[in-house]
Amino acid sequence: MNRLNALFNTDKKDLLSVYFTAGYPEINTTLDIAEALEKAGADFLEIGFPYSDPVADGPTIQQSSQQALDNGMTLNVLFEQLKDLRHRLSIPVLLMGYANPVVQYGVERFCQKAAEVGVDGVIIPDLPMYEYESLYKDVFEKNGLSNIFLVTPQTSEERIRKIDGLSNSFIYLLSSASITGKALQVTDQTDTYFARIKAMQLKNPTVVGFGIADHKAFSKACQYNRGAIVGSAFVKMLTSTPNYLSKINEFVKKIKFS
Amino acid sequence: MKYSVNEQGYYGDFGGAYIPEMLYPNIEELRQRYISITESESFRTEFDALLKDYVGRPSPLYLAKRLSAKYGTNIYLKREDLNHTGSHKINNAIGQILLAERLGKKRIIAETGAGQHGVATATVCALKGIECVVYMGEVDMERQAPNVARMKMLGAKVVPATSGSKTLKDATNEAMRDWINNPVDTHYIIGSVVGPYPYPEMVARFQSIISLETKKQLLEQTGKELPDYAIACVGGGSNAMGMFYHFLDDEDVKLIAVEAAGRGVESGHSAATTALGREGVLHGSRTILMQTDDGQVVEPYSISAGLDYPGIGPQHAHLHKIQRAKYVSITDDEAMNAGLLLSQLEGIIPAIESAHAFAYLDKMKFNQDDIVVICLSGRGDKDLTTYINHFGF
Numbered sequence: 000m001n002r003l004n005a006l007f008n009t010d011k012k013d014l015l016s017v018y019f020t021a022g023y024p025e026i027n028t029t030l031d032i033a034e035a036l037e038k039a040g041a042d043f044l045e046i047g048f049p050y051s052d053p054v055a056d057g058p059t060i061q062q063s064s065q066q067a068l069d070n071g072m073t074l075n076v077l078f079e080q081l082k083d084l085r086h087r088l089s090i091p092v093l094l095m096g097y098a099n100p101v102v103q104y105g106v107e108r109f110c111q112k113a114a115e116v117g118v119d120g121v122i123i124p125d126l127p128m129y130e131y132e133s134l135y136k137d138v139f140e141k142n143g144l145s146n147i148f149l150v151t152p153q154t155s156e157e158r159i160r161k162i163d164g165l166s167n168s169f170i171y172l173l174s175s176a177s178i179t180g181k182a183l184q185v186t187d188q189t190d191t192y193f194a195r196i197k198a199m200q201l202k203n204p205t206v207v208g209f210g211i212a213d214h215k216a217f218s219k220a221c222q223y224n225r226g227a228i229v230g231s232a233f234v235k236m237l238t239s240t241p242n243y244l245s246k247i248n249e250f251v252k253k254i255k256f257s
Numbered sequence: 000m001k002y003s004v005n006e007q008g009y010y011g012d013f014g015g016a017y018i019p020e021m022l023y024p025n026i027e028e029l030r031q032r033y034i035s036i037t038e039s040e041s042f043r044t045e046f047d048a049l050l051k052d053y054v055g056r057p058s059p060l061y062l063a064k065r066l067s068a069k070y071g072t073n074i075y076l077k078r079e080d081l082n083h084t085g086s087h088k089i090n091n092a093i094g095q096i097l098l099a100e101r102l103g104k105k106r107i108i109a110e111t112g113a114g115q116h117g118v119a120t121a122t123v124c125a126l127k128g129i130e131c132v133v134y135m136g137e138v139d140m141e142r143q144a145p146n147v148a149r150m151k152m153l154g155a156k157v158v159p160a161t162s163g164s165k166t167l168k169d170a171t172n173e174a175m176r177d178w179i180n181n182p183v184d185t186h187y188i189i190g191s192v193v194g195p196y197p198y199p200e201m202v203a204r205f206q207s208i209i210s211l212e213t214k215k216q217l218l219e220q221t222g223k224e225l226p227d228y229a230i231a232c233v234g235g236g237s238n239a240m241g242m243f244y245h246f247l248d249d250e251d252v253k254l255i256a257v258e259a260a261g262r263g264v265e266s267g268h269s270a271a272t273t274a275l276g277r278e279g280v281l282h283g284s285r286t287i288l289m290q291t292d293d294g295q296v297v298e299p300y301s302i303s304a305g306l307d308y309p310g311i312g313p314q315h316a317h318l319h320k321i322q323r324a325k326y327v328s329i330t331d332d333e334a335m336n337a338g339l340l341l342s343q344l345e346g347i348i349p350a351i352e353s354a355h356a357f358a359y360l361d362k363m364k365f366n367q368d369d370i371v372v373i374c375l376s377g378r379g380d381k382d383l384t385t386y387i388n389h390f391g392f
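From first to last, the protein sequence lines are chains A and B. With the first letter of the first sequence counted as 1, position 99 gets the number 98 in numbering that gives the first Met the number 0; the numbers rise by one all the way through. With the first letter of the second sequence counted as 1, position 104 gets the number 103 in numbering that gives the first Met the number 0; the numbers rise by one all the way through.
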C-alpha cells in the first residue's frame, strides 16, 4: 500500500493538497518548498514537471513551467533532486505533467524512477484512458504508483464508473470544465455537480482541483469531497513574494483554517 | 483502404487522442457523430452545392506547358489557389461548419498560421451567421497582415497568441484552451490533418476532394487516371493529404511531401519535421515532432507561416515511417526562387507554402512521358510583402 492509499484509508477529512512546479521560481528549491508545505500542514503534494505546450494550464502555471524550463529543469534533474525526498518528507507525493516528456523518458523508466525516489502517484492529464489501460496499467501497478484520472462536470456517468474502476487512490474532480487558474464560482450548479458525484457512492474518494484559491472555496469543496487541491494560487504566491519560503506556513494555514 | 485509420484512431503507430478529460466529451461527440452526419444526404447535398457554387469547384487541373518544357516532362497543377478565399483551406472549413451546425454549436474557434485557414473559417462563419474567434500567433499577425484584415472584415475576432514562438503552435494551444473553457456550445475547426482523432481523418476526408477530382480530370485530359508523381507541401499536411488520399492504394503513384527546411535543415532555423523530429505527442496525437531530448517542443522556423509548425499529421508520420510517401525539404531561398519562376513562366504567383512543392522539381529527374501533379495549394497575394522584401521589388 503506498502512502496515498494509507492516507485515504484514515478517517482524516478536509485534506489539502498543494501543486507547484518543480524548478520554479528557482531551480534548486523543489524540495525546500515541498518540506515547507508538509511542515505547514499540507496533507499531500503535487510536483509538476514542466512542459513547453501545456494546453490544460492557465497563464500562471504555464508561465511557471516556462521559467522552470529556462532554469534548466528536466525529468533527469527532477529525479536527481528527489533522491532526498524520503529523507525530508513523509506525506504522499504525486508527479504531474504532460505525456510527451514521459513518453520521451520512457514510461517504464519513468515509473521505475518515480517509485525508486518514493513518489506515490502520477497525474498525466493528456494520457488517454485507453492507452493507460492497454499499455501502462501493469507498469504503474508493478511500481506501486497510483494513476490519477480527472473528472469534469461533463464526464458521463458511465465514464466516471469506468474511471472509478481503474483508480486505486482518489479521483481528481475538476471544479468546472476549464483550464487551471480560474476562480471557483460557487453556484447552485457547483452544489448540484458535487452532490451528483457524491450520490454515485464511488469506491474511490474524490478531491477537487482547479479554482481553489481561498478558504471559502476550500471548505465548499470539502463539504462534498475528501479534500481539495490548490495550484495557481500557490504558484502566484511564489511568483509575487521574494521570501516565499517563509510565507508558505501562513499561506497553507489561511487556506485550511482561514 | 490499406493506409486508413483503425477503430481506435491510429494510423500504424500514430494518431490517437491525447487530450485532457476536459476535451473528452467534445472529441467523443465528434467521433460518434461525424461519419453519420457527413454521410447523410442533407449534408452531402449542401456540401456539394457549396463546393460547386460558393467555392468554385471543381478546381481546374492545368497543364503548365512552359514549366513542363523546363523540366522536360508533363506537369499538371491542381489549382486550389483558384478556390474562393484563395486556398484549399475552404474545402475543410465548409465541411466543418456544416458539421458544427448539425451538432448544434453556436460558436466557432480556429487557429491559423498563414491566415488562410483563419480566412476560410471566418468566411464560412459569415456565410452561416455564426460567431467566430480566430487565434493567430502575434508574429504571424504581423507577417500576414492582409489576412488579419480580411478576417476582421468578415466579422471574426482575431486573438493574438503571445506565448512561446508566437506562431502557429502557440495559436493552436490557445485555441485548445478556449475549447476547454467553452466545452458545450463551441466547435473547434482545426485547419490541418493534426489534433486528436477524429480530426486528422475528418480533415483528410474533406480535403480528399483534391485527389478525387484530379483522378477524374487526369483521365479526361490524358486518358490515364493515375499520375507518376503527386507532389505537395507539408506543414501540418492538409493539402498534401488531400492530394495523396485517393492515390494511397495505387502503389505506383510516387507521393512526395515537401517540408520547409527554413534556413537549412541543420541551421537551427528549420521546420523540416521528418528530418529533425522524433516520435512523440503533440496537440493531441502521437506523431513525429521536433523536440529536445527531454520532450520539450522545439520552436520551428520557416519563411512561410503556413509551414512553420513543429509536427506533422499522424497519417503523414505513418506514411513516412512505412515509406509509402517520400518526405523531403526545401529552404526559404529555394522556395522563394521557385515562386518567382512559376510567376514568370506561368503567370501564377503561388503562396510561399506551395512554392516549396515547386522548388522540389529542381531536385528530380523526369522521363518525358511522366505525369506529374503538383498541388498549388494557395495563391501568393497574402505573401506579397515577403516576396517584396526578399527580392527587393
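Simulated from the structure, these hints should not be mistaken for lab results. Hints may contain errors.
DEER-style ranges, computed between Cβ atoms [said to hold, decoys possible]:
hint	chain 1	residue 1	chain 2	residue 2	range
1	B	2	A	157	28 to 38 Å
2	B	383	A	157	52 to 62 Å
3	B	263	A	141	40 to 50 Å
4	A	86	B	137	18 to 28 Å
5	B	71	A	111	26 to 36 Å
6	A	25	B	388	38 to 48 Å
Glycine included, every Cβ here is placed at the ideal spot set by N, Cα and C.
Verification of the supplied hints:
no. : hint                       : verdict
1   : B:2 to A:157: 28 to 38 Å   : holds, 33 Å
2   : B:383 to A:157: 52 to 62 Å : holds, 54 Å
3   : B:263 to A:141: 40 to 50 Å : holds, 46 Å
4   : A:86 to B:137: 18 to 28 Å  : violated, 46 Å
5   : B:71 to A:111: 26 to 36 Å  : violated, 59 Å
6   : A:25 to B:388: 38 to 48 Å  : holds, 42 Å
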